[in-house]
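Engineer: Mind docking chain C on chain P? Use the hints.
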Amino acid sequence: MIDLLTFLFWNLLYFAAFVGITLAVVFPFYYAVLSSADRSGERTASGVFWNIVFWIVVALIVLIAIFPFYYAVLSSLETGTQLFIPNYLPQSLNPANYEAVLTRPSFVSSIVNSVFVATVTVVAALFLAVTASYALARVRFRGRGLLLLTILAVSMFPQIAVLSGLFELVNWLGIYNTPWALILSYTIFTLPFTVWVLTTFMRDLPVEIEEAAIVDGASPWVVISKVFLPLLWPALVTTGLLAFIGAWNEFLFALTFTITETRRTVPVAIALLSGASQQEIPWGPIMAASVIVTVPLIALVLIFQRKIVAGLTAGGVKG
Amino acid sequence: MANIQLRNVTKTYGAVNVIKGIDLEIKRGEFMVFVGPSGCGKSTLLRLISGLESITTGDLYFDGERVNNVIPSKRGIAMVFQSYALYPHMTVYDNMAFGMKLGGSSKADMEARVRRAAGMLQIDHLLDRLPRQLSGGQRQRVAIGRAIVRDPRVFLFDEPLSNLDAALRVQTRLEIAKLHHDMRDVTMIYVTHDQVEAMTLADRICVLRDGKVEQVGTPTELYDRPNSVFVAGFIGSPKMNFLEGNFAEAHGCATLGIRSEHIDIVPEGQEMWQGRVVHTEDLGSDNYLFVDVGSGEPLIVRQPGKATIPEGTVVSLLPRPGMLHRFDAAGRPVQMPIAAQ
Numbered sequence: 001m002i003d004l005l006t007f008l009f010w011n012l013l014y015f016a017a018f019v020g021i022t023l024a025v026v027f028p029f030y031y032a033v034l035s036s037a038d039r040s041g042e043r044t045a046s047g048v049f050w051n052i053v054f055w056i057v058v059a060l061i062v063l064i065a066i067f068p069f070y071y072a073v074l075s076s077l078e079t080g081t082q083l084f085i086p087n088y089l090p091q092s093l094n095p096a097n098y099e100a101v102l103t104r105p106s107f108v109s110s111i112v113n114s115v116f117v118a119t120v121t122v123v124a125a126l127f128l129a130v131t132a133s134y135a136l137a138r139v140r141f142r143g144r145g146l147l148l149l150t151i152l153a154v155s156m157f158p159q160i161a162v163l164s165g166l167f168e169l170v171n172w173l174g175i176y177n178t179p180w181a182l183i184l185s186y187t188i189f190t191l192p193f194t195v196w197v198l199t200t201f202m203r204d205l206p207v208e209i210e211e212a213a214i215v216d217g218a219s220p221w222v223v224i225s226k227v228f229l230p231l232l233w234p235a236l237v238t239t240g241l242l243a244f245i246g247a248w249n250e251f252l253f254a255l256t257f258t259i260t261e262t263r264r265t266v267p268v269a270i271a272l273l274s275g276a277s278q279q280e281i282p283w284g285p286i287m288a289a290s291v292i293v294t295v296p297l298i299a300l301v302l303i304f305q306r307k308i309v310a311g312l313t314a315g316g317v318k319g
Numbered sequence: 001m002a003n004i005q006l007r008n009v010t011k012t013y014g015a016v017n018v019i020k021g022i023d024l025e026i027k028r029g030e031f032m033v034f035v036g037p038s039g040c041g042k043s044t045l046l047r048l049i050s051g052l053e054s055i056t057t058g059d060l061y062f063d064g065e066r067v068n069n070v071i072p073s074k075r076g077i078a079m080v081f082q083s084y085a086l087y088p089h090m091t092v093y094d095n096m097a098f099g100m101k102l103g104g105s106s107k108a109d110m111e112a113r114v115r116r117a118a119g120m121l122q123i124d125h126l127l128d129r130l131p132r133q134l135s136g137g138q139r140q141r142v143a144i145g146r147a148i149v150r151d152p153r154v155f156l157f158d159e160p161l162s163n164l165d166a167a168l169r170v171q172t173r174l175e176i177a178k179l180h181h182d183m184r185d186v187t188m189i190y191v192t193h194d195q196v197e198a199m200t201l202a203d204r205i206c207v208l209r210d211g212k213v214e215q216v217g218t219p220t221e222l223y224d225r226p227n228s229v230f231v232a233g234f235i236g237s238p239k240m241n242f243l244e245g246n247f248a249e250a251h252g253c254a255t256l257g258i259r260s261e262h263i264d265i266v267p268e269g270q271e272m273w274q275g276r277v278v279h280t281e282d283l284g285s286d287n288y289l290f291v292d293v294g295s296g297e298p299l300i301v302r303q304p305g306k307a308t309i310p311e312g313t314v315v316s317l318l319p320r321p322g323m324l325h326r327f328d329a330a331g332r333p334v335q336m337p338i339a340a341q
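Here the protein sequences line up with chains P and C, keeping their order. FYI, in UniProt numbering the residues of the first sequence are 1 to 319. FYI, in UniProt numbering the residues of the second sequence are 1 to 341.
Same shape as in the complex, but just chain C:
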């Protein structure tokens, strides 16, 4: 329900600059994902928005109101932590009702809201249990339920899936997506280092690097038109292939990027690059060929279906037209059209 604006926000711990001036607008009802490698400041940024950390300089606005000095509980936020952070000595019901109790809500009101949130997450039958009697996935659902009960303007998620195993992670991811769908006008901010979560959940992704915004955009924009080598390499799995030296110079750039699914195997003679298959990975639906074309790291080529090309084969490769990403020496995209080929 809130429109969040950050104006030149910085955060320093002593002499260390963690957040180096961030300008960002998060629209009402948007699902924004902060993504980046560890130590990029994404969690710190979330904590600045939550109010758990104070902003060193700059301004933070919720719906146009400056909230720099507003305490967390008055900002209308709810937060889901990586370690669940449930109160171990309280039942699930008390965990979810704790905030309302402190706020002095009536018993009936409290009960209704807790039941509704529990119903949404299908944890009604667990309300009398203690956190230690729950599984990891159930605990995280209780933590989400506790956040829902607060009826927040802004939902903050700090790597909520990191402590879950792979199967539960997918399931809980779906539930969070559904939650976003059900609570259309609640703004959600989600921190993760996992680009798959970012791609699948986000309306818009904010890629952070070294305390600065690297690029903000929809998942498609980031995937198709990365604004830097860093973003290109960070978004997408397997990682985008990068070619340097002569390979890049041939296209008038310092670094040439191409995604694995945009390289085709062609008959000899039509190729742009040629190399030997040094390794294959079979994922069932797809298979990856690692082709050494003489540029340091092998190129990853994604082929549909099962692997049919044995290791050691020499293959001819051709990137699809228009799918090459060209970056200059500073890692920024080259705008000029491709000169000659």
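The shape of chain P in the complex, shown without the other chains:
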């Protein structure tokens, strides 16, 4: 009994110390970030100090976020034993890995597959979600709340739990080893999130705008397509982007529902890249392939980021 109590006591003490130290370390940074807006342009000693702290925090965050990718780029440009010597600055610019990856026909076709699957998933999910969320946000019907909760509940199932059932479904539909198997399963898994986000957005659009359109003679479809869709751009871009990233990165379904090399998507293709022998893991080509498939995502986010921000400010208009 005493043992247990001492055990608990010490553990509590450790925990308290841990929380205390963490807070003590984190708080100044936290404070620096929070109050940075107030001090912009301030030229006093403490103002400068806190500004420096703020930029240190920013640099840390950027470093933590960027470093893995940076290291992948570095590694992808190295070959042979060079790969196994740690280095933080570029030491060679050898495109051999990229050549190796891009000359494999199966890898190129897997990129095409990925683009096709992710794009169709986004289009299908957004179309279904926009129409569904209009109904869920604007049409009064019995059981609406229950339906919304059910939709949310769907997203609670782990992928592995529905895998076998979905496999049966895919087989029954006769789409095994086709992109449609992936599009179907990805759409199923993206829709709950997409519907929820769009429903909350749609609910926040002023009712009067819809009513004005109804008085102007707009049918529900015209209201959705001509009035709501332009206002929902920021939400569509955000959810579409997330759906795209989800579909692009997905591994389990892609591995299960495809069998031939030419039907694979990129994550599976990378995982199944094989070296010269069973014992060799081809780090170089893997890194090169990872960089190749990450670049489109980064480009998409950078392009649409501006749109998202522009859209959000445009939404701040009253009426």
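Derived by calculation from the structure, the hints in this document are not laboratory data. Predicted, not measured: the structure shown is a model, and the values here were computed from it. Backbone N, C-alpha and C define an ideal beta-carbon position, used for all residues, glycine too. Among the clues, some could well be false.
To be verified - What follows is a set of in silico ranges between Cβ atoms, one per label pair, in the way DEER data are often shown: (1) C:GLY103 / P:PHE29: 56 to 64 Å; (2) P:VAL207 / C:ARG7: 27 to 35 Å; (3) P:VAL207 / C:LEU283: 33 to 41 Å; (4) P:ARG142 / C:ASP63: 35 to 43 Å.
Structural biologist: Same frame as chain P, now just chain C:
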């Protein structure tokens, strides 16, 4: 252009009765104002007429044709909303032309009508702008313009001035009055909780209370001959003075009403009531004396010019003959002549 008839119209949301049977006729070309406190159902009634809400029971006729089940865009109505409800992503021109576009009008026709409406409201120079680049008053004018372009039989206004500041409110009120003057045969229905807007704009006012019509009449009728204590208290600013108890019994009624401008200060000895001035308000052109005559709330007495009577003075008051409003315990006017005084 339409004569609107409501026959025993009701509206219920689940178990809640919002509109409890309304019979009303709005004449062609009339400016009708629905007024009442919040929650009285005035906006709901407007929405029933617009078709944005369905009527639970009863009938609604436009020019003798039953329109209960006609969709809003086919009723020949145009509506101006409190929050403007402009389409934020469209230019002013597109906002105004949207209805005609959906109706499949020709480009030239559309352009002509939008330009004409914009000219009427002096917003021609704003046609290329987006709503977010306009001020509140300009937005509301665009909303009115959008309604004009629809060339409606019935114009519906749902508290259109509530979001504007005081100066703009007066200006826009004038513009709406002018619009009514220019579009003589378009029926207009206007919802407001502000009795000043009701008095200044209306041909006839419909006072609503708890989903029922309390009184319908011209502003003068409502002001001079209110049909209930409620109407008497609602119409007019400052509020009509009400006296109860002994003060009312002396005149053979339960509630005695007198407007502030119908009370004169008289030399001592000729008074009906006497009391101490507890507060004064100076409005420049007029001043209000708050006189405590011992009946709960102080009587408000309106005097022209600047306040000359200091607080604390005891004044003698006499209501003008024939200006007393007498109501029974149910709040209805007492018709019998005044017995003895």
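Engineer: All the hints need checking, so say for each whether the structure fits it.
Structural biologist: Against the structure, the hints come out as follows:
no. : hint                            : in the structure
1   : C:GLY103 / P:PHE29: 56 to 64 Å  : holds (60 Å)
2   : P:VAL207 / C:ARG7: 27 to 35 Å   : holds (28 Å)
3   : P:VAL207 / C:LEU283: 33 to 41 Å : holds (39 Å)
4   : P:ARG142 / C:ASP63: 35 to 43 Å  : holds (37 Å)
When the structure is compared with the earlier hints, no violation turns up for any of them.
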